[in-house]
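Asker: Here is what each chain is made of, one letter per residue.
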Amino acid sequence: RKRENILKDEPYAFEHWQRQRSFRRYTDPFDCWVVVLNVFWPVTFVVLAAVGVGLYKKLGQQRHGFPYFRENSNAVEYGLPFTTTSFAIALLLVFRTNESYRRWWDARRNVGRLCTGMRNIVRQGIAWFPTEQNALLQALQRWAIVLPHMMLFHVCEGHDMDCILKPLLLPNELDWIKEQDRPTFGVTACLTRIVQTAKITNEQQQSMDLEIKGGLSEFGASDDILRQPLPVAYTRHTSRFLIIWLLCLPVAIWQVYEWATPVIAGAVAFFLLGIEHIGIMIEEPFSILPIDKIASRLRADIEEMIENNQKAKRLVMEC
Amino acid sequence: RKRENILKDEPYAFEHWQRQRSFRRYTDPFDCWVVVLNVFWPVTFVVLAAVGVGLYKKLGQQRHGFPYFRENSNAVEYGLPFTTTSFAIALLLVFRTNESYRRWWDARRNVGRLCTGMRNIVRQGIAWFPTEQNALLQALQRWAIVLPHMMLFHVCEGHDMDCILKPLLLPNELDWIKEQDRPTFGVTACLTRIVQTAKITNEQQQSMDLEIKGGLSEFGASDDILRQPLPVAYTRHTSRFLIIWLLCLPVAIWQVYEWATPVIAGAVAFFLLGIEHIGIMIEEPFSILPIDKIASRLRADIEEMIENNQKAKRLVMEC
Amino acid sequence: RKRENILKDEPYAFEHWQRQRSFRRYTDPFDCWVVVLNVFWPVTFVVLAAVGVGLYKKLGQQRHGFPYFRENSNAVEYGLPFTTTSFAIALLLVFRTNESYRRWWDARRNVGRLCTGMRNIVRQGIAWFPTEQNALLQALQRWAIVLPHMMLFHVCEGHDMDCILKPLLLPNELDWIKEQDRPTFGVTACLTRIVQTAKITNEQQQSMDLEIKGGLSEFGASDDILRQPLPVAYTRHTSRFLIIWLLCLPVAIWQVYEWATPVIAGAVAFFLLGIEHIGIMIEEPFSILPIDKIASRLRADIEEMIENNQKAKRLVMEC
Amino acid sequence: RKRENILKDEPYAFEHWQRQRSFRRYTDPFDCWVVVLNVFWPVTFVVLAAVGVGLYKKLGQQRHGFPYFRENSNAVEYGLPFTTTSFAIALLLVFRTNESYRRWWDARRNVGRLCTGMRNIVRQGIAWFPTEQNALLQALQRWAIVLPHMMLFHVCEGHDMDCILKPLLLPNELDWIKEQDRPTFGVTACLTRIVQTAKITNEQQQSMDLEIKGGLSEFGASDDILRQPLPVAYTRHTSRFLIIWLLCLPVAIWQVYEWATPVIAGAVAFFLLGIEHIGIMIEEPFSILPIDKIASRLRADIEEMIENNQKAKRLVMEC
Amino acid sequence: RKRENILKDEPYAFEHWQRQRSFRRYTDPFDCWVVVLNVFWPVTFVVLAAVGVGLYKKLGQQRHGFPYFRENSNAVEYGLPFTTTSFAIALLLVFRTNESYRRWWDARRNVGRLCTGMRNIVRQGIAWFPTEQNALLQALQRWAIVLPHMMLFHVCEGHDMDCILKPLLLPNELDWIKEQDRPTFGVTACLTRIVQTAKITNEQQQSMDLEIKGGLSEFGASDDILRQPLPVAYTRHTSRFLIIWLLCLPVAIWQVYEWATPVIAGAVAFFLLGIEHIGIMIEEPFSILPIDKIASRLRADIEEMIENNQKAKRLVMEC
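Protein chains in written order, with our numbering: chain L, 9 to 327; chain U, 9 to 327; chain H, 9 to 327; chain G, 9 to 327; chain V, 9 to 327.
Next comes chain L alone, as it looks inside the complex:
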């Protein structure tokens, strides 16, 4: 499976939280490999640079004509350019990751709010649609379940529409949706028509239309996140700054740590590049969010709502 999917998180339940809170989080080997796999090449590159510095110092400097490093100054002096820029690099790295995180959480909330909107429109339809328009209510439920699934085709790639929507729609509806370029607007058009056709008050119509509008907003916001990365020059400048900083680090620490330097430089590189890599991965959040699981959950919710309906009506009527 594709590399980015390794970072894909499952929806958490109570037992996941229990596990996360135990001290095993410090040692769990699994996700270590996730990060290792992704930053393998740049880390290797940093380790090789450290080995190169070592070889140069041990072999090159003995020959004539090679410039040499002053052995008698201490490592802290050599480290001055690193200590004065380590703030800038740490801040850039963490702020960039944070900005990616905010995109990721915005995307997650877009999907969550879309589901809440669909739950709400179905709740309203169940209560407000007259009994004789039951077929219309069923259509409302079908399309309300389908809309969050459209996220899988609108902002993710590699999902098979036929396979996912078959259990949710009637055959002629499915055929129609499949032949469209932007099926999301087909779904909202159907929902709009259903709300307009229903025999409800003007105010109820507006209230339900608001949810469809909300759905369009969530798709628009998700689209903005997908199409617009963080300014690319900013992303690349940070990456380049970091990799050059890491490649030069061995020069400063070699005379203290000698042949332990490649190990130390590799460890520092692994951690800093790991942070940067995670930031890059969550910047495009839709391929790592469990959108399919969230949409399935919505389906179960809406089906439960329909079952509740009759009994709730009777309970209230008794008053």
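Calculated directly from the structure, the hints in this document are not laboratory data.
Be a bit skeptical, because a hint or two may be false.
The list that follows gives simulated cross-link-like pairs (lysine-lysine, PhoX-like), each with its CA atoms no further than 20 Å apart [unchecked claim]:
#1 207/U / 321/U
#2 321/L / 16/U
#3 207/L / 207/V
#4 319/L / 301/L
#5 319/V / 186/L
Given chain L, put chains U, H, G and V in place with the hints provided.
Answerer: Showing chains U, H, G and V alone in chain L's frame:
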């Protein structure tokens, strides 16, 4: 009782604030133990590592064939990899804790807003429902009190529905709620039906329906917080970075502090791991928020509202 | 007067800003004492610890059997545990203070928005209530002025309701409010009834009801801020980390500064503990916000609005 | 002109942005003087302190009985209290400036949103008011243009109402506004009456009333920013911490830089105090925002809207 | 083409994300040149300063009467003013960039929300306009497509209105728009008239009018971002602080790195000035955002919506 409950905060009153503001907050032993209990094992591990470094230096290096640490370079040189990465680690740690804190506060405000919404729907019902629909008004009050209690079953675990809802609902209502998979939607269905059945204007109906929609939104937002942890790779990478950083620290400071090193390393580990642990704990906020107390308070508020009603009406009628 | 009140700020006018912008802000002795008074004991404690370190070094180390500090390593080496954790401590401290500041500003805006809402409901009432319902309009004005004053009883302590509300309400209204447990809901109940009784369109009723709902939301949000402190374990862990860090600092700097160490340690402690203390104080914002002054200002605004009314009507009618 | 006005920014056009992007921004002498003028005294004070440290070291220490600084320890040891607190000071400074910046941007957006609201109410009035109520429409335009200008009297000082409003209002309207204590509420009262008098649907009336309510909110929010400074104790504690830190810095660096110390201390002081001063200046944003220019622009916009009107109507009618 | 356009980002598709995630992001030479071109002069200046320090040390100090640098103190002592201010400079730099980033993202979202609003108004028009008003519906579509294109003339410069709007409008409409000073208000005036002329319910009219109001808000918010830069004194103070800091850095590190100093100073300058430059560039976001591409995409969306219409109606009618 379970470990996470130790962190559970009570709702604060003025005397708690008074106590927090006194300088006793620096010395209060109680909550020290809370954190100690939770980070005991990793801190012990760091202390043992420090002891191990000491034994190696005192015993191992005297024998033939063991690599040794250059005693003549100073500790600041050894510390270079630590001083240049301590920014990154502190930033990661504090930002992560902050992000957890925001989830925690969002969750708290979700519960608070849900209660405000229910207070509002009851206020409107009291004023707008005609006198002959008094039974309906009482049903509205019952279900409005119940809805925030559903948070205990929707996003927390280990609460007994029978015990909590018995004093709040009629027996047939309680039976119906108990047999459902997602009782939250049962409660909102009842509230929707009540608002629809009431003899009020279309505009009043929409205004009350808005509160029910708001309730669904708060549950949706809480659900998103519960189901979606911070990206797990990010959490684990931070934890791993921190624990390795702490395990290596004794190497750099041993030659200055000698046998005080285990104490110092233990103290630093206790504080940094404590921050990280608090961040992990408040990331899933529902098991540490006093939701039951907040819901009880709402119940008292709504009961007070009903008592106010008649007199308020008379006061206004006199004008 | 109580200690927290020393931090209470007055509403600023132009001359206060002028003064704040002058360079006298660096030297003004007044508020120095505010902070000094509050962190006196912990700072003293740090100074005594510094003196203790000095005495131990001068006296204790000369006797047999006392462990000693290696004099020949330099202070920077001793400082390593401090320099590597000073980031964490500064970040924790400033972020915590920032989080408190956000609570403080949220609370201030809650009060401000509540006043804006009441200004708006009175503006609408003046324009929309028919002339024959003038007594009702006066009641609206009375209760709209009273609602922000309820903040003083809802989230502050130590205010005398009788004294504050007497000039604002009729005697029978005051008696009724005083006998309630949660008088805030009494006030909103009256406002709701007034809006419902007025002869205005359904749309106007909803628009005015929205302001009452907004008022309830501001009270709910303020309540959340009062009842829910920042996670207590987080607050205490930060305080404890800071005090221990400060108590150990003299060990590292004694050999450089000798008997100046108590002064320097005291100064550093004063500043860092001062930040921490301010953070603690503004975490519960209601006892330091000038809510009474804000509510008085609203009263003057609303009285001015009533005077404007007739003339504005005539000006528009001329068109 | 007054000192704070020196910081007042003009609205930017494309050529300003072009200039800002060129590398001349590093050298432009103008605004250097702005900051220099404002922090002149405290910087001078720091320079004098540095000179004082120098004189003491060169002259005082040679005489008997003066305590002396240990010359043989290195400057880095002396610098320990500075390096461990420089984080705290930088964080405090930048966060404080950021918080001020947020107030400044909020204030700017309040003004911007107020103008947008007025543009919108005029757009609606043009389309919805019947032709026979043309005089009323003109009154709407007059008052909608005046409302943003009220910001100049509500939250700024030193503006002459007569001079600014004369070209915008009829003489009797101007007289009435001038005699009021809080003329802002006079303007909103007129707008409310105009909307109520217009022959439009109930829904249209509510939609236009919403903009007037929005205007009141922007004034309320601006008022909150003007009346409520950042907690004064926080501001002063930061200023005091900074100035003492700067006054002590020469002690640590004298032995390295000798008579260059006053220059270096002055430069560091200039930059850090400059940041602090800018933070103080933008904390009260209304005296440095170009509110008059923004309001003039709105006037031109609204006059353009009126011209567009007839043609737009004809274009649509042709369909 | 103009320099700022080099930073202009394309809308991202899945293959761009794939490329960004690969480790080639560390090495991609293209955007390196973007930044190099823009900071070429100040970096050169820093390198020359470093060379100047070197020449002075090698040549100048040997002659009589030139002040000299104490060679026997170590570089870390010289670096003290740099290490204690590097926090401040890194924080200022990164926070400033972050604030610029927020303006950039706000601007992007303004454009995105405007498009969503136009999608929504067309969706509503398609469903609600009666069949006989088909010409009006077509006008609605035309103007809804045009509105986001107005961003190109309202907040960008150098776009040819004739060329861009010709394929979107009828000739007489285009002529009218072209002769206006503020064509944006012409477009909203037409949309307002269309919604008012349509035979729809009052509630539907208000719901569609809300989108036009939303459009005005997005233009107002974009205008605020364009006209109001970050406080100029703040921007310039940061730039000046940074350039002086960089020009002085060689003094501290010369004795360690000798003739490698110009290279190191140049690299540090390139990275820090690069961050500052990117911050300056994204502060005015409209010239680097791909607004034309976003508006074209909206056009395709709306054309697809019209095609969907008939079939959606039939599908729903079958129920």
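Asker: Check the structure against each numbered hint from earlier and tell me which ones fail, lowest number first.
Answerer: Structure breaks hints 2, 4.
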